[in-house]
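Trainee: Chains as they are written, first to last, in our numbering: chain A, 812 to 1101; chain B, 3 to 322; chain C, 7 to 337.
Bear in mind the hints are in silico, worked out from the structure with no lab data behind them.
C-beta: ideal position from N, C-alpha, C; glycine also.
Be aware that one or more of the hints could be misleading.
Derived DEER-like restraints, expressed as beta-carbon distance ranges [as the list claims (entries may be wrong)]:
id : chain 1 : residue 1 : chain 2 : residue 2 : range
1  : A       : 871       : C       : 15        : 56 to 64 angstroms
2  : C       : 320       : B       : 128       : 31 to 39 angstroms
3  : C       : 170       : A       : 871       : 16 to 24 angstroms
4  : A       : 933       : B       : 128       : 49 to 57 angstroms
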Amino acid sequence: MTASTVIEPKKRSETLYFALRNNKLRIGVLVLLFFIVLTFVGPMFTDYEPYQFVSSGAQPPSSEFWFGTTTLGHDVYTQFVLGLSSTFIVGIIGGGLGTLIGIVVGFTAGYRGGVVDELLNILTNIVLVIPALAVLLLIAAYLEVRGIIAESLFIGCLAWPWTARAIRAQTFSLRNRDFVDLARLSGMKARKIIFSEIAPNMMSYLLLAFILQFGGAILTAATLDFIGLGPTEGISLGLMMNNAVLWGALLLKVWWWFVPPGLAITAIVGALYITNVGLDEVFNPKLREM
Amino acid sequence: MGLQVENLTVYYQTLRGSVQALEDATFSIADGEIMGLAGESGCGKSTLSNSLVRLVPPLKLIRGRVILDDQELPVADVERMNAYRFRQLSVVPQYAMNAMNPTRKIGRMTSELLRSKRVDYRAALPEIKRRLDLVKLPQEVLKMYPIELSGGMKQRMVMVLSTLLNPSLLIADEITSALDVSTQKAVAEMLVEFRNREFVKSIIVITHDISILYQIADSIMIMYAGQLAEKASTETIIHSPEHPYTKMLIASLPEVGVRYADTRLTGIPGKPPLLLDPPVGCRFRHRCPVAFEKCVEAPPFLEIAKDHFVACWEVFRKYA
Amino acid sequence: MKRYFGRKLLVYILTFVLAVTIDWMIPRFMPGDPISILISRFGPRQGGYEALQGYFTSAFGLDVPIWQQYLNFWRALFQGDLGISIYVFPTPVIDVIMRAIPYDIALLLPAILLSWLAGNNFGAIAARSKRLDDTILPLGYILTATPYMWLAILLGWFFGIVLGIFPIAGAFDQSIPAPSFSWLFISSFLVHWFLPFISLFLVQFGGWAIGMRNMIIYELEADYSHYLEALGAPTRLVRRYAFNNAVLPQITGLALQLGVVVAGALVTEVVFSYPGIGYLILQAIQNQDYFLLQGCFLFIIFGVLLANFLIDVAYVLVDPRTRMGMQGEVG
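So here's chain A without its partners, still in its complex pose:
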């Protein structure tokens, strides 16, 4: 006997209650909100273009150049706030696409089973074992013009396998439950069962998967940008670090050039991970601390 059989749970309000008093969730969401606001508000406080020569090179942070200038005489703050939006775009599009493909493949494999499952499983394992970055390098290197959207899409196309695997396993366990049987017996179509019976039971799970994909896409994009295969137009946090290393920021001790972009990525991705853990605790009563 557990308490849950004794108490009639008021589920929705309880989830909210735990969500509001979960410290991990609070910290994670707060950090994310800070960077989201900065992405929108930040650009209002600069009159420069990211690659505009604004001053002699390597100026330390000052009241005029908040984050200092690069050795090339560009304003670091301008690059930083504009780079943030690239980061979020990659996260949303890349992470979103990765999650979406993962959901479709995972649901289909888990629900259909049999040969479909076997084939999708092999496909999943293949894409899983290929190092995504190596493929991205190859594709990007041959592209003359690279945009941030294309980059995000490529990342999403290679990031889905682990989500697919997780969702397949979940679907497997859900599809054998009573309510799904009931739906099947009553003659519902497969797709309808997936969307009306299985998916709602997995919403929390999907949210968690998306958060992880979001963080993963950001890291992958930063890596790609850093090698010099990021967007050919515009600025990103990875590109800032790439330029910093290429133009001698280390030797010249221009730390204000490479610290902000890396710190922002670490903070955003770290906040995503911690939010994920917090949400997991909220959705999964077993993990709640008593």
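Assemble the complex: chain A is given as a structure, and chains B and C must be docked to it using the hints.
Mentor: Same frame as chain A, now just chains B and C:
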């Protein structure tokens, strides 16, 4: 000797408050007795067994004593209880199918477990093999991984393992619910055999399947909503129960031999109360056909005839 | 077990075929006619045209049908012919890569294995005490969220430039004539090796520690743990069992993480100009050396597949369930 439980009260701590899962349980089990413990899910039978085996948060001991073989058990002290577990008090858990470490050979796991209790595996081996024979398990199982055994085999292996140190009290928690009918019967009879051979002195069999108890139990104790309702010999409980809840419970079983009193009792209108804020007095009174004013006080668990205990004011009135 | 390895090998072989196919396809079907760019880049080089001729007839063979080109590509591959590098012209790509491989192994193998071991042990310790848990867990999340190159940059800047303790470029002192087993070379090698190693180590360490901590907590809630506790087994034994079982998914995790770690190694090498595959890739990109880039791609895939296979073998050795021909699955 045997087991005495006095005023055992254990609450289940939740963020919404204490669930009063076990209230003033007082009963005893004699040496050699097999006692069935039955009731609907949520009646507190698992809380009772957990309180004896491993009383850890969110369970909290409010008051009461547990005495086994004339020694008081430190039930609330997880560490000190370790000295009694396995040797004096053992358990065949509900999850017996998954109770063994999947990545250890059974023999090795047994030896490591025994060594942690300062028992030499090599010396115990002949006895282990005798008991394997008794439950019709080949001795080779010791060289196997749990995954190589069938469900019934795992169940029997765990029964042998749990009783290896000849504990005074064995708690068998829903051990038959995952098995098919013929295996169920075999497992139940094995419990009796273990008792007869004095591998264990007394046994508490927790189940919602009263037909199993009819076959093997010497006595049956019925619980309702965290309170003891009635305890008597199996014959008495089945054929002449006194507590109104027991009567309805037995009557709701079409005949003895039909299983599962667990799902909602259709014969009894209403639902068990929520134990977060249970009604004062007898917790059955809202569903009880014979309830009267007195029932707002909690009835004591009194012996109305030899070895027949009931907690019901109406019954007391009748016997007074 | 046969079935288990059979499936694994099938996936690996299919993956390799797919990777080679991608490698073959991308230069041919990408927009912008990369091959003509390639040819034009070879043009001005001394002896470039002849080298190009030789390779193109065997691998590209642009005048034969597509399927023939594809087969020729495979044939060239099996002969170890990956083309000629432009960056270190006219060295064959395979030789350029072979020179870089030892540095990758020296960097990756210790970083992966040591971080895995250390992370697992720290994670297990963290799961034991609330106070450690409160410090190791946030630290672990921060480390695992850190981009590899950023940690490399920070470490290089702080220990290399600010404190000046470690060199931040190359694999050994350029004044040493050639790699040898002299003390001078080994000490110089180790000093150059340390920063790239430690930055790779740290980022992974965070991930393993978190993973182990979570797995242990999960295993401690498993039925077999509860049974041991119910029988009064000492905490030591319960934890040992939980650890042994929690390590299994961590081995699977190692296989899954390889791609990410390799990516991390690439950028770490870029930061420290460490002459492994990552540094080659950067040079290949900057010099538009497509043969070299494609060769590096194939080697990375091959290396990851090989590592996956080794991990599979290790997994079978430690998890009896796979040996029984039952469930239990690696990545």
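Trainee: A separate judgement is required for each hint: does it hold in the structure or not?
Mentor: Now the hints, each set against the structure:
1. Our hint of 56 to 64 angstroms for residue 871 of chain A and residue 15 of chain C holds, since their Cβ atoms are close to 57 angstroms apart.
2. Checked against the hint of 31 to 39 angstroms, the pair residue 320 of chain C and residue 128 of chain B passes, with Cβ atoms roughly 38 angstroms apart.
3. A hinted range of 16 to 24 angstroms holds for the C-beta pair residue 170 of chain C and residue 871 of chain A, which are about 20 angstroms apart.
4. The hinted window of 49 to 57 angstroms between residue 933 of chain A and residue 128 of chain B holds, with their beta carbons roughly 51 angstroms apart.
Checked against the numbered hints above, the structure breaks none of them.
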